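Q: Protein chains in written order, with the numbering used here: chain F, 20 to 424; chain G, 3 to 639.
What the hints contain is simulated information worked out from the structure, not anything from laboratory work. Just so it is clear, the structure is predicted and the values come from calculations on it, not from any experiment. Glycine included, each C-beta is placed from N, C-alpha and C at the ideal position. All clues given are correct.
Quick list of the computed label-pair ranges, beta carbon to beta carbon:
| hint | chain 1 | residue 1 | chain 2 | residue 2 | range |
| --- | --- | --- | --- | --- | --- |
| 1 | F | W370 | G | E369 | 49 to 55 Å |
| 2 | G | E106 | F | K233 | 36 to 42 Å |
| 3 | G | G588 | F | K233 | 18 to 24 Å |
| 4 | G | E120 | F | K233 | 51 to 57 Å |
| 5 | F | S297 | G | H486 | 33 to 39 Å |
Once the Cα atoms are required to be at most 25 Å apart in a straight line, the calculated PhoX-like pairs of lysine-lysine come out as:
| hint | chain 1 | residue 1 | chain 2 | residue 2 |
| --- | --- | --- | --- | --- |
| 6 | G | K618 | F | K269 |
| 7 | G | K618 | G | K633 |
| 8 | F | K263 | F | K234 |
| 9 | F | K373 | G | K523 |
| 10 | F | K387 | G | K633 |
| 11 | G | K618 | F | K223 |
| 12 | F | K146 | G | K633 |
| 13 | F | K125 | G | K633 |
| 14 | G | K633 | F | K223 |
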Amino acid sequence: MYCVRSVTDNLYWVGANDHRLHLFENIHPIPRGVSYNAYLLLDKSTVLFDTVDWSACRQLLENLDHLLDGRPLDYLLINHMEPDHGASIEEILIRWPDVKVISTEKAFMLMRQFGFHIDGHELIQVKEGDTFSFGDHTVTFVEAPMVHWPEAMVTFDLTNGALFAADAFGTFGALDGKLFADEVDFDRDWIDDARRYLTNIVGKYGPHVQLLLKKAGGILDKIKFICPLHGPVWRKDLMYFIDKYDKWSKYQPEEDGVLIAYASMYGNTESAAQALASKLCEKGCTNVWVYDVSNTHVSQLVSESFRLSHLVFASVTYNLGIYPVMHDYLMHLKALNFQNRTCAIIENGSWAVKSGDLMQKFLEDEMKNMTVLNDRLTLASALHPDKELELDALADAIIESMGKK
Amino acid sequence: MLFQTTQAHEELRAKIRAFAETEVKPNAILMDQESRFPAEAVKKLAEMGLMGIPYPKEYGGAGLDVMSYAIAVEELSRVDGGTGVILSAHVSLGTWPIFAFGTEAQKKKYLVPLAKGEKIGAFGLTEPNAGSDAGGTETTAIDKGDYWLLNGQKIFITNGGVADTYVIFAVTTPDIGTRGISAFIVEKGWKGFTFEPHYDKMGIRSSETCQLNFDDVKVPKENLLGKEGQGFKIAMATLDGGRIGIASQALGIAQGAYEAAVEYAKERVQFGKPIGFNQAITFKLADMATKLKCARMLVYSAAEKKEAHEPYGVDAAMAKMYASDIALEVTNDAVQIFGGTGFLKGMDVERMYRDAKITTIYEGTNEVQRMVIGAAIMGKPPKGAGGGSSSVAKKPAPVTGVRKGLILKEGDAKERVEALVAALKKDGYDFSVGIPMDTPIAQAERVVSAGQGIGSKENMKLIEDLAKAAGAAIGSSRPVAETHKYVPLNRYVGMSGQKFKGNLYIACGISGAIQHLKGIKDASTIVAINKSSNAPIFKNCDYGIVGDVNEILPLLAQALGLEEKQPAPPMVKMKRPQPPKPEPIGPRYVCGGCGYEYVPELGDPDAEVAPGTLFKDLPEGWVCPECAESKEMFIEA
Numbered sequence: 020m021y022c023v024r025s026v027t028d029n030l031y032w033v034g035a036n037d038h039r040l041h042l043f044e045n046i047h048p049i050p051r052g053v054s055y056n057a058y059l060l061l062d063k064s065t066v067l068f069d070t071v072d073w074s075a076c077r078q079l080l081e082n083l084d085h086l087l088d089g090r091p092l093d094y095l096l097i098n099h100m101e102p103d104h105g106a107s108i109e110e111i112l113i114r115w116p117d118v119k120v121i122s123t124e125k126a127f128m129l130m131r132q133f134g135f136h137i138d139g140h141e142l143i144q145v146k147e148g149d150t151f152s153f154g155d156h157t158v159t160f161v162e163a164p165m166v167h168w169p170e171a172m173v174t175f176d177l178t179n180g181a182l183f184a185a186d187a188f189g190t191f192g193a194l195d196g197k198l199f200a201d202e203v204d205f206d207r208d209w210i211d212d213a214r215r216y217l218t219n220i221v222g223k224y225g226p227h228v229q230l231l232l233k234k235a236g237g238i239l240d241k242i243k244f245i246c247p248l249h250g251p252v253w254r255k256d257l258m259y260f261i262d263k264y265d266k267w268s269k270y271q272p273e274e275d276g277v278l279i280a281y282a283s284m285y286g287n288t289e290s291a292a293q294a295l296a297s298k299l300c301e302k303g304c305t306n307v308w309v310y311d312v313s314n315t316h317v318s319q320l321v322s323e324s325f326r327l328s329h330l331v332f333a334s335v336t337y338n339l340g341i342y343p344v345m346h347d348y349l350m351h352l353k354a355l356n357f358q359n360r361t362c363a364i365i366e367n368g369s370w371a372v373k374s375g376d377l378m379q380k381f382l383e384d385e386m387k388n389m390t391v392l393n394d395r396l397t398l399a400s401a402l403h404p405d406k407e408l409e410l411d412a413l414a415d416a417i418i419e420s421m422g423k424k
Numbered sequence: 003m004l005f006q007t008t009q010a011h012e013e014l015r016a017k018i019r020a021f022a023e024t025e026v027k028p029n030a031i032l033m034d035q036e037s038r039f040p041a042e043a044v045k046k047l048a049e050m051g052l053m054g055i056p057y058p059k060e061y062g063g064a065g066l067d068v069m070s071y072a073i074a075v076e077e078l079s080r081v082d083g084g085t086g087v088i089l090s091a092h093v094s095l096g097t098w099p100i101f102a103f104g105t106e107a108q109k110k111k112y113l114v115p116l117a118k119g120e121k122i123g124a125f126g127l128t129e130p131n132a133g134s135d136a137g138g139t140e141t142t143a144i145d146k147g148d149y150w151l152l153n154g155q156k157i158f159i160t161n162g163g164v165a166d167t168y169v170i171f172a173v174t175t176p177d178i179g180t181r182g183i184s185a186f187i188v189e190k191g192w193k194g195f196t197f198e199p200h201y202d203k204m205g206i207r208s209s210e211t212c213q214l215n216f217d218d219v220k221v222p223k224e225n226l227l228g229k230e231g232q233g234f235k236i237a238m239a240t241l242d243g244g245r246i247g248i249a250s251q252a253l254g255i256a257q258g259a260y261e262a263a264v265e266y267a268k269e270r271v272q273f274g275k276p277i278g279f280n281q282a283i284t285f286k287l288a289d290m291a292t293k294l295k296c297a298r299m300l301v302y303s304a305a306e307k308k309e310a311h312e313p314y315g316v317d318a319a320m321a322k323m324y325a326s327d328i329a330l331e332v333t334n335d336a337v338q339i340f341g342g343t344g345f346l347k348g349m350d351v352e353r354m355y356r357d358a359k360i361t362t363i364y365e366g367t368n369e370v371q372r373m374v375i376g377a378a379i380m381g382k383p384p385k386g387a388g389g390g391s392s393s394v395a396k397k398p399a400p401v402t403g404v405r406k407g408l409i410l411k412e413g414d415a416k417e418r419v420e421a422l423v424a425a426l427k428k429d430g431y432d433f434s435v436g437i438p439m440d441t442p443i444a445q446a447e448r449v450v451s452a453g454q455g456i457g458s459k460e461n462m463k464l465i466e467d468l469a470k471a472a473g474a475a476i477g478s479s480r481p482v483a484e485t486h487k488y489v490p491l492n493r494y495v496g497m498s499g500q501k502f503k504g505n506l507y508i509a510c511g512i513s514g515a516i517q518h519l520k521g522i523k524d525a526s527t528i529v530a531i532n533k534s535s536n537a538p539i540f541k542n543c544d545y546g547i548v549g550d551v552n553e554i555l556p557l558l559a560q561a562l563g564l565e566e567k568q569p570a571p572p573m574v575k576m577k578r579p580q581p582p583k584p585e586p587i588g589p590r591y592v593c594g595g596c597g598y599e600y601v602p603e604l605g606d607p608d609a610e611v612a613p614g615t616l617f618k619d620l621p622e623g624w625v626c627p628e629c630a631e632s633k634e635m636f637i638e639a
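Pulled out of the complex, with its shape left as it was, chain G reads as follows (with noise of 0.2 Å):
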């Protein structure tokens, strides 16, 4: 093997390379200078079908390698390594998530513009609280029926603002960690979705970059990217894909500060000759250019597993790493060489000194890239060893299941109330018709319940009042029954008490024990009011108000409607999404020596092989680890 480009690549790059001379370069300084978006030479990528590189011409693209694409990111960043960026963004974050698990119409509507370069993408997955650890993130989807409701940040996006199209990642099951996670394809333009300012960057400032904030955005149905639940995993695909394009340009941004070097130390002469023959900067550029070879096969390497689809992450992460770590060394050093000089601005190595920065940073910092890499090498690390995995559930889901957990805050009390009100006529609940207050729990369709929060017993009047204009049956917890008499004994709520398994149950001054939660976890919806916002009920519910229960009883009564109510026809149970259970990842099999199983999610940890292995993929020799017959003696369980 001769570890050569082709001829096809390196007349792409003399294409780019010319390009980037001409279009690119002259206006790289302004760029800098005022961080401002190079929307024109974008417009002549487009043209040139370059937007589109790894692409099928069906879908619009140029239908050419990944290869072509690293040396296009390359050949861009070695001018500039925002223009760079902008492309790789576009590409392997923006775009790929759709051609690779997008439908047929959202190919046809989506990923056919952008690869033509009509449009521009982009993809958001860090939030405040969720970067390198996936799992914190906060933005919600919620399923409308109709569509999904977007809400949250998304920062640090790349193209941002100028981009048309966002692969945008939001939980759509809460409480079950990365698995809760799914991929939705939004438009520029949609009410809600709204940009911040462009950040003011050290560097690639020729790249937009700002936080994304959806306030209620309604997405299409269609609009899911891959299955619900897929997000993570698509996620970790993309960016896979997309440190070749991070690798690309650290490469490229090393390479033209290299060259310049290269040139300046043969221009600059002190001792009476150039100063590259001083043997200080000759080997300072031996070693630039060992660390750029090292670095472009690491990433053509990178480049060609993708595109034979061979597993490739861990060869990205490395190419990412190990590029961008030198391309800090590099520019460096190019700095150094250029002395002085190079510490001026308006000169291309102090700009690119500072370009280089953000490779080690961003697409998983290179610490993120170590662990990925690591990971690969050691498997996960014994259970209780600490460093929990972002895959499992942070904390155990709420005993009520999967709830939309909406505490409304915005206005004051009668305007949350209202809120309310509003978003239960929207599910479906007709507050025209009502059930006897006296209907037993275990048939009512709905009940508003009282907690040790009501307070005094002339407040159950609060509660009267409200089960009327809410056309339910009145509840209770165990203690407002047992203890306080308030209500006869049948009528608390709770595991040990009467099952409410009714559509809406709204819980008053209730602050959520298990076993009364556990009595209401087959309710459709639930409401919580009380004054304590740390009360375990909030964690329960569907919607909650915090706030005094004799100011939002009353409010929520007025709300509801005091008129008679009509006779409730009978109830038609609402359903309530299960959450997904996790699909095996590949068939298990069994031993014919001894009737082991072997199980791809446990791996198998005394031969070192990570959990996640799939059993076609266990290394040479592998054998069973009870009785030592080898790979053949097992059959498909």
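Chain F extracted, bound-state conformation (with noise of 0.2 Å):
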């Protein structure tokens, strides 16, 4: 059956969502799953603006024939080659011999590469500012490199005012039914899916997505549909969404909280972090988030790093190194280009502390401008009472930090 929403006049989501996936790009965990945004024009032509998963071609065909109702599909616009949107592009070429195919050099060369037969197909290929017209509607390219392939471009719709933004302002979540953010409590249900993400996904490029804002400032007040390729689409409250990629994409925290991350073998340094937690909140700096990285996934660990602040790090000493999990986190940090945060952190060891010696080097010397604090809490085995004036130190140190900001 298709199934099928309007986003305005002759311009229509025909999209799938996918519910069966467990990890996103075999990575992060998607359990309110995703969906895979495609959208069809029907103009004087009819254009195609990205598939979908190879997983739900089906439905992106069914949605076509029912819409198409026997009209040929005269352009594929493909603003991004990741296969969640690209996979099913053979399939539209062999279906419409005839479909001539808009893109970027970069992406018909990874169209190539993946093993799509475009070569007996005319091939438009496009670059920024320049315009192409379907009878009533003309678009106009901006190409957005490392958004967060090489080959991204968004394409902007002069006529209407529908931005098709690629992996832009994506979320995780299926849309079941709810097309448009604002038929949905964007901010209560959807915000963390959407920064778990970004950041996990495009977190890296912040540079890259600056530039793509900068580009899009140009065009705000035309813009009256945001179209990504997951997630809901925006025509209402457009800035609560752009600040936050703002936010993000410059490595800033979205609000003073404290992150404790903590890795614990048999519950010791556990305690420890949740006595700082403890202080912190008797001392009325109450935003505070407590994570296990052993039975937390990475992603939701990186997004709520992105979320806040501060962040303190406490782990056991393993191997004489760093607890793995934590090392896993860690350099997930890195990969990310994540910096600009305060940082604390908590040491255990039983016999030879290393773990706090080793974490300050990495945040210092393999990311950036993090500042870690001096008042370093250091167990041995546990943490007991008499060490209480060095938690309060280390309480107060992160609260006297948050005000400095």
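Could you use the hints to bring the two separately framed chains together as a complex?
A: Written out as structure tokens, the structure reads:
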């Protein structure tokens, strides 16, 4: 059965929802599913904006058959070639042998790499600033390199104000009938997944997101719809989401708050982490979030790190090094170009405490602009009341540094 | 391009040559023989406005270009190499750093009289253990709040003793290599600043050179030149310019010897004709003239590049290296042409032969010049290929961070103890107040701590007495509590025990195991008393006394005062300086083709782009090492 929704006059969502996939990109859990968005414009010519993952191809074809109602598909416009959007290209080419493909030079190169037989079709190679008319609708192209692939572009419909944003402004979470962000309580139900999506998938490319935001800034008043490739379409309160993107891509926290991520083997480091959390809250700093790195997916840790201003890394010493799961979390932060945070360290070890020095070295040498507070808490196996003063000093130092920012 | 100097340059040359011929040359032999500074000539140079040639008129200079300065040094050196270097050291070394890095106030106070020639300048970098490698600098400047306390020696200082204003380099942050060096302006006559007698040198004997001693010299805060930690950068930038001066000096010496040789070759007749027509001599002269021309081109080209604010470090190194190398060859040939006559004292070429030698040595030996030039060609060697860079720390910083490391050695035990107490009082410690001896370590403002060096348990009395006198709580090392059980377990200080975060920590008989040191790294002041001078605690302390606790502790208690202490007010933590973090040398850029980040500190070794190359200076045709996109695809990170 077809399953489509109208975005605005003559523009339709023709994508699909996926609740079967456990791990997005085979790494990030998506308990709320994900949508693959494709859009169909019925102008004098018919235009499909991007395709969907191979697993959702049949739904896309049913949707197209329903809306085209016998008309040919004239153009296939590809903004982004990652297979969760590009995988169904070959099927479209086979079904509509006369379809013309519009995309960037690098995207065509990637299509050939992935083994799609595009060379029998008319290929229209576009670049930044080009325009193209489908009849009533004229679109212009804006290159978006490294958001988050090099071939990516976004396409702006100058006629109806729809911005086909590729992976920008996307989110995890299946739409399940809703299409627009104003049809859901985004700030309550979606923002965490949106943050987890952006920070983990595009986090490394903050400077390039900033560049795209700057380009979008020039046409902001003309943008009526943001049509991303995952998650809801935006037609109201665009600035809410753009502000979030601005913060994430500048590596600025959304709020003052403390993330305490602990790595504990037998609960002793955990106990110290909890004690610190209580101290902070007792002193009035209640925006405190405690996570066990062994039981929290790293994409969640990354997402929360982007959200909050202060990070406490509490790790036991393991094989004379940082506890491997904690180390993995740090490596993810580094790989994502994460920066500009105030950090504190709790270290534990029963015969040779190494994790604190190693974490501090990692934060200071491997990452950018990370301030490590002097007040490190060191445990020999377990925290005892004799260190309460140090715990107080650490909590005070965190709170004091919050005021300084 | 005609490769010619301007008419103005040649007019200046004529003026200086006339001065040199009439005022310097007649006394050159005497100055050389008696190793005497040509004070009269230097005074006249000042009157002629030649002591500040390349500096703007508003700062008292002549407002001329670098080439004019090079010509002046060349012309003075043409008759006397010593006089040439007086000018070179004054202008390039003593004055330039103030011009380039000084504040407006420093320029008004120091640059103006230097540029006018009312004062003479000098530059102090070289030390007994730091010559080519500035990372070995041992002169220290300690931040005392209101002033810097300068201690150390500088050797081989041109214009030493006659100069009024000195730019001195000293370590302000130990153990982080050249990043810990800062520059200071120091005046002759300040207390503790003294000079050793003038060296008896082989050549340039009219130039004064001596050792400088700094013994607790108080340098006012405002005399820090540039920023703290910038000293090495300032020194290197200064030497780049100084090399043009020395290259000019070498060129001048060689020019003088060459002219004398030509004249002599025309006068001296053998086998019925002037020896210059003997092909063996003609060819020598031809070679000498060619070498001079090459050297002159290199020197003037470096001077022009400097004037045009083009990068000129390598050019200056090439000019200095080549001009001085050929100065040895040309003066040698000149003496050869003179034959036995040239071997006699009193002959100009004999003096020039000796004067030339220093030019391959100072301002960076010619071996160092080849390092500079070679590094520009090859970049830095791959890691692990040997030849450690002096810009990195020679050894890891002490566990306890940046410390003063003052080991008190002067006088007998009592005097050393008194010096320690005086230093502590000066740091702001009030020993009329104290805290209870059983204050928990983590809350204590002061702790007197016992290590295994304390000996038998009876000696803990010494610790108690000292703690009382110091108004401190008692702590210990781990074995003293755990193994010997002299104090309860909760009183041992260390990473796994109690951390001391107060102000004053007095370690008695503690050798300084890493786990102990980590427990006191937040202490504002660490005092070490231990009989082994090699104990690690001494590398981690602010003040140290090498001595037996049995002798030192009672003396220290006495000196601190045995009277009953008043209750201490709530602790005010004394802040300690953080070691400066290196500033990025330039922006990073991200590739739009793959996300690769270009880091200027790292360069791109695979493309032979040297570490330290800014993105904007990447060579034509450079592409992303990961995806081969061109430079245009990069955006600033």
